[in-house]
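A.B. asks: Protein sequences appear in the order of chains U and W. Going by the numbering used here, the letters in the first sequence line up with residues 1 to 182, in that order. Going by the numbering used here, the letters in the second sequence line up with residues 1001 to 1181, in that order.
To be clear, the hints were calculated from the coordinates, so they are not data collected in a lab. Ideal Cβ placement from N, Cα and C applies to all residues, glycine included. One or more hints might be untrue.
Distance windows between CB atoms, simulated [what the hints assert, rightly or not]:
1) Asp-3(U) <-> Asn-1027(W): 26 to 32 Å
2) Asn-99(U) <-> Lys-1019(W): 23 to 29 Å
3) Glu-1026(W) <-> Val-19(U): 24 to 30 Å
4) Val-19(U) <-> Tyr-1011(W): 36 to 42 Å
5) Asn-1027(W) <-> Lys-178(U): 38 to 44 Å
Straight-line alpha carbon distances no greater than 25 Å define the calculated DSS-like cross-link-like pairs of lysine-lysine that follow [to be verified]:
6) Lys-65(U) <-> Lys-147(U)
7) Lys-29(U) <-> Lys-1039(W)
8) Lys-29(U) <-> Lys-1015(W)
9) Lys-76(U) <-> Lys-17(U)
10) Lys-1002(W) <-> Lys-172(U)
11) Lys-12(U) <-> Lys-1041(W)
12) Lys-1015(W) <-> Lys-172(U)
13) Lys-59(U) <-> Lys-1015(W)
14) Lys-76(U) <-> Lys-1041(W)
15) Lys-147(U) <-> Lys-29(U)
16) Lys-1014(W) <-> Lys-172(U)
17) Lys-88(U) <-> Lys-1039(W)
18) Lys-17(U) <-> Lys-1041(W)
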Amino acid sequence: MTDEITLIEQLKNVQTKEVAFRELISQYKERLYWHIRKIVISHDDADDVLQNTFIKVFKNIEKFKEDSKLYSWMYKIATNESITFINKRAKERNIDIANIRTELVSNLQSDVYFSGDDIQLILQKAIATLPQKQQLVFNMKYFDGLKYNEISEILETSAGALKASYFHAVKKIEYYIKTQTN
Amino acid sequence: MKNELQNSMEYLNKKTGRKPGFSVPENYFEIVEESIKNKQKEKNFVKTNGFEVPDSYFKNLEETIIASVSPLKKDIKVIPLKQKVLKFIPVIAAASIVLFLGLNSFFFKKTEENPFDKLTDIEVENWIVNNINLIDDNDFETTYADIEFEEDLAIPSSVSNDELENYLINREEISLILENY
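All chains, full assembly: derive it from the sequences and hints.
C.D. replies: Right, here's the structure in full:
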């Protein structure tokens, strides 16, 4: 596996860009996929957004200023692509952006690519009740294990605000699960 | 706050196993790499077809089209539809009457009539006089097979008007006809 600095150099070099890009995909496809999937819910949509994310990375790699980690930069692109996708879907279906995830989650039970049990379904429904930013923070912290400063880079929000956001998100989800399971 | 958060996290971990529950199709991550590569290649395809237009072409196009249709516009007379329709009513009425009468005579008459029966003797004689040069001796013989024509009744090839007049006067039936003519 090529180290990040070398990989960036190869990506910015026309001669080696294609080969480096292939390696980039290989290294980061699963991490980016799961991040996207938790936002857009459906596998097919996640697949589309993932591919679009990598295309965007390929096209804009020369603009990467290297003031953050490569993965953080890609994660940011993936987050923005996912949010844009979700917002577009909400507009198409004439649904409020705040409610679109609730609608997407409502189909999970019959989704072929959802193998979670009842509690996991309740958890997804609980997350869907959160405001969009809290959903992102919760997913990145709880499932992806990112640090607050990493999330801060991606969401361009202060670490302090993120901590508060995460705290409220966890409390709401706990309450939701307790009311649904008792 | 920290303890409260920790307790809540412990509860969630215990309940959900920290798993979101999502899954993927078999071999998805092997396949997705190729999909991304293909998509990236597709984006690199040349988007232009190489065709070009003269400078300001689209800018001037609208004016060009308007200018070309303007002369046609002046010659067009606008006639109200009602007026047009009213004009045709008498014609339609007359045509209907003619059609009715025509149909009546052709389809509703029960007896078959030979149109030649309608011809009067005068019409026949007039036709003979006007088309004498078309009639042959044989025509008379064929048509009036049961009548013996006398030689002097045969129409000579050249007859003077005086001779003809004398002949007509001397034939009683023709004289009667001529008197009434």
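A.B. asks: Going back to the hint list, which numbers does this structure go against?
C.D. replies: 4, 8 and 13
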